[in-house]
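Using the sequences provided together with the hints, build the complete structure.
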Amino acid sequence: MRFRFFCSKIIAAIASLFFFKPLFEISELLSVSLVPIIVFFITKEKIKVYYILLLALFYSFLSSTVLAFYTFPLTLFLALVIRFSFKKFKNQFFQFVSFYIIFELINIVPTLKNAISSHRSDWAWDIYGKPSFNTSFIYGINYENLLILLYFILGLILIKSQKYRIVIYLMFFFFLSHLFILLSGWVYYFAHLFGIRISSLNLLRVYLQFPIVVPILWGLIFEEFRVVLRVTQTNWKQFFKDRKAYILVSLCIFPILLSFYQSYRNFDNRRKSKDESFKIYNLNALSFFREMISKDVTEFRAISLGIDPAISTSAGFETLDGYSNLYPKAYKRYWLEFTDLENISPYYFRYYNDWGNRVYTFISPNQFHLNENLAILGNLKYVFSSEILINTRLKPVFDYGIYVYEISNPGTRFYFSKSLRFFNTENDLYEAVKNCNTEEVKKTTFLLIKDRKENFTNIQDDDVLSVERINSDTYEIIRSGNGEAMLNVSISYSKNWKAISDNNQELNVYPANGPFMAVRLQKGIKKVKLIYKPDFYNPMLYLL
Numbered sequence: 046m047r048f049r050f051f052c053s054k055i056i057a058a059i060a061s062l063f064f065f066k067p068l069f070e071i072s073e074l075l076s077v078s079l080v081p082i083i084v085f086f087i088t089k090e091k092i093k094v095y096y097i098l099l100l101a102l103f104y105s106f107l108s109s110t111v112l113a114f115y116t117f118p119l120t121l122f123l124a125l126v127i128r129f130s131f132k133k134f135k136n137q138f139f140q141f142v143s144f145y146i147i148f149e150l151i152n153i154v155p156t157l158k159n160a161i162s163s164h165r166s167d168w169a170w171d172i173y174g175k176p177s178f179n180t181s182f183i184y185g186i187n188y189e190n191l192l193i194l195l196y197f198i199l200g201l202i203l204i205k206s207q208k209y210r211i212v213i214y215l216m217f218f219f220f221l222s223h224l225f226i227l228l229s230g231w232v233y234y235f236a237h238l239f240g241i242r243i244s245s246l247n248l249l250r251v252y253l254q255f256p257i258v259v260p261i262l263w264g265l266i267f268e269e270f271r272v273v274l275r276v277t278q279t280n281w282k283q284f285f286k287d288r289k290a291y292i293l294v295s296l297c298i299f300p301i302l303l304s305f306y307q308s309y310r311n312f313d314n315r316r317k318s319k320d321e322s323f324k325i326y327n328l329n330a331l332s333f334f335r336e337m338i339s340k341d342v343t344e345f346r347a348i349s350l351g352i353d354p355a356i357s358t359s360a361g362f363e364t365l366d367g368y369s370n371l372y373p374k375a376y377k378r379y380w381l382e383f384t385d386l387e388n389i390s391p392y393y394f395r396y397y398n399d400w401g402n403r404v405y406t407f408i409s410p411n412q413f414h415l416n417e418n419l420a421i422l423g424n425l426k427y428v429f430s431s432e433i434l435i436n437t438r439l440k441p442v443f444d445y446g447i448y449v450y451e452i453s454n455p456g457t458r459f460y461f462s463k464s465l466r467f468f469n470t471e472n473d474l475y476e477a478v479k480n481c482n483t484e485e486v487k488k489t490t491f492l493l494i495k496d497r498k499e500n501f502t503n504i505q506d507d508d509v510l511s512v513e514r515i516n517s518d519t520y521e522i523i524r525s526g527n528g529e530a531m532l533n534v535s536i537s538y539s540k541n542w543k544a545i546s547d548n549n550q551e552l553n554v555y556p557a558n559g560p561f562m563a564v565r566l567q568k569g570i571k572k573v574k575l576i577y578k579p580d581f582y583n584p585m586l587y588l589l
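First residue of the sequence shown? That's 46 in our numbering, and the numbers climb one at a time after it.
Quick caveat, the hints were computed from the structure, so don't treat them as lab data. One thing to keep in mind: the hints can contain errors.
[Claimed, not checked] Simulated crosslink set (DSS-like; lysine-lysine; CA at most 30 Å straight-line):
{"id": "1", "residue 1": "Lys495", "residue 2": "Lys568"}
{"id": "2", "residue 1": "Lys377", "residue 2": "Lys578"}
{"id": "3", "residue 1": "Lys578", "residue 2": "Lys540"}
{"id": "4", "residue 1": "Lys374", "residue 2": "Lys487"}
[Claimed, not checked] With beta-carbon atoms standing in for the labels, derived distance ranges:
{"id": "5", "residue 1": "Asn480", "residue 2": "Glu336", "range": "37 to 43 Å"}
{"id": "6", "residue 1": "Glu336", "residue 2": "Asp399", "range": "36 to 42 Å"}
{"id": "7", "residue 1": "Trp400", "residue 2": "Asn549", "range": "43 to 49 Å"}
{"id": "8", "residue 1": "Arg395", "residue 2": "Asn516", "range": "37 to 43 Å"}
All C-beta atoms in this analysis are idealised placements derived from N, C-alpha and C, irrespective of residue type, glycine included.
Laid out in structure tokens, this is it:
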């Protein structure tokens with residue numbers, strides 16, 4: 046009995062820490078501001094579950110209008126399920142958590158098999174025409190979050206079964222495990238000293254990547270706290286009378302604070318280009334540069350060194366780099382070749398290979414070496430840097446707090462080739478591209494033999510007369526000649542891109558030049574329209 050009472054005090058004390066979590070956490074304001082509201086609702090037994098569902102829907106509206114639009118029918122469906130299935134449960138918190146558990150489980154069913162083995166597994170759906178990396182933590186649920194969900198379900202079952210003693214022991218075991226996970230950084234360090242390869246778990250990142258966990262975790266701990274109060278029949282003051290309990294609580298607090306301190310230290314030690322005030326300055330500078338050049342920025346692309354690519358995107362530039370949850374494997378291979386991370390920084394090579402989302406250069410400005418041929422394939426023209434670059438192939442064109450460089454011999458988004466080259470493997474293809482001279486790259490289509498659909502004869506060089514971008518998914522290209530030709534397009538290949546000629550004939554679209562594509566034009570075709578047209582519609586993608 047004494048041990049059970051001691052455990053209950055530990056649980057309640059640690060649970061109370063989570064009420065101060067927003068003071069320490071670097072997170073989105075919405076997810077933090079929602080927590081007190083959720084806690085208020087779950088403490089009011091008379092408030093119906095529909096108000097909580099309405100609040101959840103309102104939260105999704107604040108996050109994304111598209112998300113809320115597609116969440117609404119699911120929310121309505123779950124409200125009816127909860128109304129009839131959980132009517133006997135008066136506890137509003139149980140109904141609220143049940144809603145989110147069902148919601149999450151519906152989302153993870155298509156990727157559950159891959160999620161258990163790795164959240165980096167290939168997506169089974171052929172979205173881009175080739176297997177793609179599922180690097181989204183929200184949708185491609187990973188094993189840590191899966192365990193958290195299972196824990197929630199088990200805890201709720203035990204709580205509703207009124208087996209308070211089992212609940213207390215379970216929670217005590219959970220917090221000991223929680224403490225171990227928080228200290229996993231040290232475990233990771235010592236394991237590597239002895240040559241044991243394991244992965245550490247950043248608990249703070251789990252909270253950041255799963256905002257949904259925050260209100261559920263707070264609510265669950267609050268419910269556990271009420272269970273403890275009911276069992277021990279005690280009050281707040283008595284929780285801290287036992288010095289042993291207080292010492293143990295302090296030991297539990299330490300790794301939590303250490304985790305937050307480590308995150309803040311990393312945040313403070315970022316380069317000046319990562320500072321919030323400098324980001325705004327960068328954005329103003331790049332916006333000014335964009336107006337200064339007075340060109341359509343959709344005709345070329347840019348990359349960033351020491352600057353967050355999102356700033357370039359915010360200024361209106363199209364970029365080769367960025368933060369992307371889903372993109373073709375072929376583009377990942379192109380980016381690794383372009384940055385040469387494997388040779389420049391094996392650490393960041395492994396980081397990018399494992400993480401995937403951050404399609405960044407990961408190269409300090411003084412290490413940057415431009416491969417002009419790969420830049421031509423990617424339609425790269427500008428390099429934005431936080432520091433001065435020393436590179437004879439780059440021409441400085443702008444200095445306004447940041448440094449802008451222009452590639453002396455850039456490629457274009459649409460261009461015709463006068464020769465075709467076929468390769469057995471991607472390795473052979475990229476090796477050939479890197480060893481060509483720049484003018485040859487501009488007039489050659491590089492293809493894999495396995496992608497060949499027809500015999501190519503009498504390919505003639507040609508010129509693009511005009512390109513009209515009707516919208517983000519439609520281009521219209523007019524050429525000068527009328528012979529057989531191959532139009533290279535510096536846009537990521539997908540089988541969903543359709544090419545329609547001026548006589549309404551559908552043309553073959555090939556994966557070419559690494560991750561990009563090319564269109565075969567028969568004799569007599571003067572105009573071609575490129576349209577991105579998905580073959581199917583999957584509403585589940587809009588629940589992310």
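Now the hints, each set against the structure:
1. At roughly 25 Å between alpha-carbon atoms, Lys495 and Lys568 fall within 30 Å of each other, so this suggested pair holds.
2. Only pairs whose Cα atoms come within 30 Å are accepted, and Lys377 paired with Lys578 is accepted, the gap being roughly 23 Å.
3. Pair hint Lys578 plus Lys540 holds up; C-alpha atoms about 9 Å apart against a cutoff of 30 Å.
4. This hinted pair checks out: Lys374 and Lys487 have alpha carbons roughly 24 Å apart, not beyond 30 Å.
5. At roughly 39 Å, the beta-carbon separation of Asn480 and Glu336 lies within the given 37 to 43 Å, and the hint holds.
6. Look at Glu336 against Asp399: about 39 Å separates their beta carbons, and that is inside 36 to 42 Å.
7. Restraint check, Trp400 to Asn549: a C-beta distance of roughly 44 Å satisfies the suggested window 43 to 49 Å.
8. Range check, Arg395 to Asn516: about 39 Å between beta-carbon atoms, so the 37 to 43 Å window is met.
Going through the hint list in order, the structure satisfies each hint without exception.
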